[in-house]
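Engineer: Sequence:
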Amino acid sequence: MPASILDNLRLMLMQEVLPVGMALFKRVRQGGANKVAEAFSSSLDPLQELKTEGHSAAKSLREQLDQISPGLGNPVMEVEILVDDHNVEDDSVLIPVLKRIEDRLDLLKLYLSDE
0 MPASILDNLR LMLMQEVLPV GMALFKRVRQ GGANKVAEAF SSSLDPLQEL
50 KTEGHSAAKS LREQLDQISP GLGNPVMEVE ILVDDHNVED DSVLIPVLKR
100 IEDRLDLLKL YLSDE
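The sequence shown runs 0 to 114 under numbering that gives the first Met the number 0.
To be clear, the hints were calculated from the coordinates, so they are not data collected in a lab. Every residue, glycine too, gets a C-beta built ideally from N, C-alpha and C. Among the hints, a few may not be true.
[Stated by the list, open to error] Quick list of the computed label-pair ranges, beta carbon to beta carbon:
# : residue 1 : residue 2 : range
1 : Ser42     : Leu10     : 24 to 32 Å
2 : Lys98     : Ser68     : 44 to 52 Å
3 : Asn7      : Phe39     : 21 to 29 Å
With the hints as extra help, turn the sequences into a complete structure.
Structural biologist: Here you go:
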């Protein structure tokens, strides 16, 4: 399998499945199977409710995993950066701005050297 498919699967597991699992685990510890069944019988969208319920515990676990190895808990996201390279055709706009910056730097150096 290509690496991107595995990365996407891992990201989905960390962001979608882990919070639900953490909420289920917490409910089992608190009240057993009855508490877990309650989540599915009392809500129209039980998975979303469990995901919200387990969000903070999953975030904490991911941060602990990142302390072991960066990127282990919060997978590194691949991004694409596009650079819009504008060539300045008219130097008449750029030169005065650069001259003003240079003049201000000279004033700053003069001010700092006097003190």
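Engineer: Can you list which hints this structure breaks, lowest number first?
Structural biologist: none
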